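Enquirer: Residues per chain, in single letters:
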Amino acid sequence: MTTLNNWIDVCSQDDLVANSGVCALVNGEQVALFYLPEQEAVFAVGNYDPFGEANILSRGLIGSLGDALVVASPLYKQHFCLKTGRCLEEEGKSIKAWPARLNGTQVQLMPVKH
Amino acid sequence: MTTANKTTKLVVAGNGMVGHQFLQSLADSGQLDNFEVTVFCEESRLAYDRVHLSAYFSGSSAADLAMGDAELYRSWGLNVLTGEKVTAIDRSSKTVTTDKATSLSYDKLVLATGSYPFIPPVPGHDRDQCLVYRTIDDLEAIEATAQKSKVGVVIGGGLLGLEAAKALTDLGMETHVIEFAPRLMAVQLDNGGGAMLRQKIEALGVKVHTGKNTQLIEDGSECFHRMNFADGETLETDLILFSAGIRPRDELAKQCDLELGERGGIVINNQCQTSDPDIYAIGECALWNKQIFGLVAPGYQMAKVAVSNLTQGNDQFTGADMSTKLKLMGVDVASIGDAHGRTPGSRSYTFVDERDEIYKKIVVSEDGKILLGAILVGDAEEYGTLLQYMLNGIHLPEYPDSLILPNRGDDAQTGLGVAALPETAQICSCHDVSKGDVRASLDGGCCTLGDVKGVTKAATGCGGCAALLTDLVNHELEEMGVEVNRDLCEHFPYTRQDLYNLIRVEEIKSFDELLAKYGKGHGCEICKPTVGSILASCWNDYILTEKNVSLQDTNDTFMANMQKDGTYSVVPRVPGGEITPDKLIVLGQVAKKYNLYTKITGGQRVDLFGARLEELPLIWAELVDAGFETGHAYGKSLRTVKSCVGSTWCRYGVDDSVGLAIEIEDRYKGLRSPHKIKFAVSGCTRECAEAQSKDVGIIATENGWNLYVCGNGGMKPRHADLFATDLDKETLIKYIDRLLMFYIKTADRLQRTSVWMENLEGGLDYLRDVIINDTLGLAEELEQQMSHVVGTYECEWKKTLEDPEALKRFRHFVNADETDSNIVFIEERGQVRPATPEEKIQPEPIKMVS
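Heads up: the sequence lines are chains A and B, in that order.
Here the numbering used here is used: the first residue of the first sequence is 53, the next is one more, and so on.
Here the numbering used here is used: the first residue of the second sequence is 14, the next is one more, and so on.
Hints were generated in silico from the structure; no laboratory data involved.
Be aware that a few hints might be false.
Every beta carbon over 12 Å from chain B, so not counted as near; a handful from chain A, in silico [as the list claims (entries may be wrong)]:
1) Asn58
2) Val83
3) Leu88
4) Arg138
5) Gly144
6) Lys145
7) Asn155
Label pairs and their calculated CB-CB ranges [stated by the list, open to error]:
8) A:Leu154 / B:Lys821: 51 to 61 Å
9) A:Leu140 / B:Ser834: 21 to 31 Å
10) A:Arg153 / B:Lys821: 19 to 29 Å
11) A:Pro163 / B:Glu794: 51 to 61 Å
Bear in mind that the values here come from a model prediction, so they are computed numbers and not experimental data.
Ideal Cβ placement from N, Cα and C applies to all residues, glycine included.
Let's have the full structure, built from the sequences with the hints guiding it.
Expert: Now the structure itself:
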């Protein structure tokens, strides 16, 4: 994965929902953003669920399985790692993940080529 | 019009066991919509269980044996014609013609025509009272003839012949079995096994004659027939049953010039296609690699392979193991693999117990490491173990004979433990279920043998694997450990009931508080909604507060039901199913305005499908304006109280069922519980509201109301139990208050009332003690808790619409006004439906609706 350029603004912290997800449109791509206030962390992964073939991962429940922070698809409950996009049930169906952060009250994402 | 060019016209000739399995597999594939299916069933009855045909004479009815089900087939959208058979196939025009002169074109044709009993061309074979044994009609003929007969003969001492002999003895006849070969079950057994079987069967009163060649059947003097054998002997009998093997029903294939085997049978490839790739043949009519498979398991496999290939899969049929285990007249008989030791260099071990009449033989490879075959007569307990040794090539123990020698205690644990089986080991051959499949079903939530059978279908075919399956399930459950199994998830080492008590007793009000005190990690999609539900049951806080919202499944978060394409369906509450014309019009107007697909639900309300996330608040604003409340179709909570029209209108009505239904629905609406709860109220014993299939069912009597509890429909239907009779309304509601709260307090996650009650020690009686006799002294507390929930009800949608913060979540993108371009609808039957993936990528969609 190669870095294309620097952090870009996506939305404001107000748009996020604590311990849950929202969806943003970034360069024409649907990105699911998850906010964990306890860790002051934002995670960005693709919003498209490769199993259900629908744009809904931002509406999944987040949690942990072992050491991995994950989102569970609201359709068929497969788990995707919030940090890497790896699918825990089927490696071949992993999704994209982007570095993301809170910069003040700005939510920012690093566009990378996958 | 949009789908006409996409559906494949599929004609299925034959509805026997394999034909039925084909339809079942097609339904299981989820692709029925892509086919327009017509099934021709020659018999007047739909598919039934021929394997257990003899049970018909020991008490089972035709209905008990039935497998096909007209209602089920209808629900699958199949066009099934009974009493009609295909008589000709025109392959150039791709048309079939039937004996009722129906002419029908096909894109794909499946021949599942089965086989017919072979009748040796003995002079006199076509005399009256010469019968065969294959269909229920045959059984009826046998039964009728038996009434005027004393003596019966079965010609053929194979597997089916002995089954038929059992039928004749069950009918009270003096029964003879005539076999041409020198022993019984010549294909499956060796001389030793055949002799032991003969001994056991003769002890049951059946007379066995082996090495007999029937040459003539003529009028008898004592009985109706006299049979003359080549050795000069004769036998008088009233009834003759031919069971001398089967022959494939390949006449249709012959008529349309499909390739046949030298001795009959429709030649198929590994995809089960005949020489015409658009025509498939499966089951006993098909010839694969010069073999006909006269058992049901290989037929089922062929059915699945054909379905796979018709639905773009690529399963292959690569032969089948012909091992069998069965009970013949109460005698266990099994034959595995190379039972006759025909493999060069093979050696065998034999164990004979003449006192208990047991014969066992195993055939092992030259190096003694692999099991090649086995025969078991009189005791087939080791069948499962031996079969797994053979199928999986598992190395034999140092002394292979220990596998069949009696285990006389001490330390001799010789059988192959289920733990040693590989994941791929096939447990059930009828339904092709592996050890891995069984384990997956247990991981997926099955807790009992019954659950596993329901989910995997293992042991529901011939039943030969039942013992093995039981061992496996027990072993796996033990491995999992009951304690581990009851933990909610990896974050909480507690059951749902434990968590409920902790939350109640310690007055815990949030997930974080509970996790900090009693859990670890960050929670997951199992514990979060469970705790969210318990918090709602206990404190009835608004589910979308900041601390609660992240606990809810998407359905609860957005108070609608997510569908496969990411859109939602909306179900407003219609208490008791009573709705004014004006409200009905509003539903129609809203559906029309937002282009929603509408369907009437089983709970007497209207479901509106295809709402985008951002449309939900707009839709609900209009619904709330018109006086609707949320229907909680998305929640584990009270769904509906169904009712019949009751005494207000109905000539037979005894009491006002609609009135009571509305009152009850209003009382319990919004109540969060371990699983969904459904109610119904019927106004008389005609039970038009189907109250006995509900968690709580109420039926009016002349003296009040009868209360039924813990029933359900769905995957595993259960009739509700009568709990109390002739109650006045006040008592009725008191009992329901207590019952529901007790359920919420003590049930496991996603446990419906039926399973909950069955798992209570003491079951229904115990429940009556707690609810009616108040043996636990809980009644008042339960009523108070319910009263709190009832008193704090508010419509979640109404509240959400008043809360700008909550409404912020109802947009697809937080940073753009666009909508999700992946949601595409197609028009069908005048309404929208989600486009399939293929339709979405078509350059010019047939008819898209925005």
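Enquirer: Now tell me if each hint is right for this structure.
Expert: Results for each hint:
no. : hint                            : verdict
1   : Asn58                           : 18 Å, holds
2   : Val83                           : 9 Å, violated
3   : Leu88                           : 8 Å, violated
4   : Arg138                          : 16 Å, holds
5   : Gly144                          : 18 Å, holds
6   : Lys145                          : 15 Å, holds
7   : Asn155                          : 15 Å, holds
8   : A:Leu154 / B:Lys821: 51 to 61 Å : 18 Å, violated
9   : A:Leu140 / B:Ser834: 21 to 31 Å : 28 Å, holds
10  : A:Arg153 / B:Lys821: 19 to 29 Å : 22 Å, holds
11  : A:Pro163 / B:Glu794: 51 to 61 Å : 58 Å, holds
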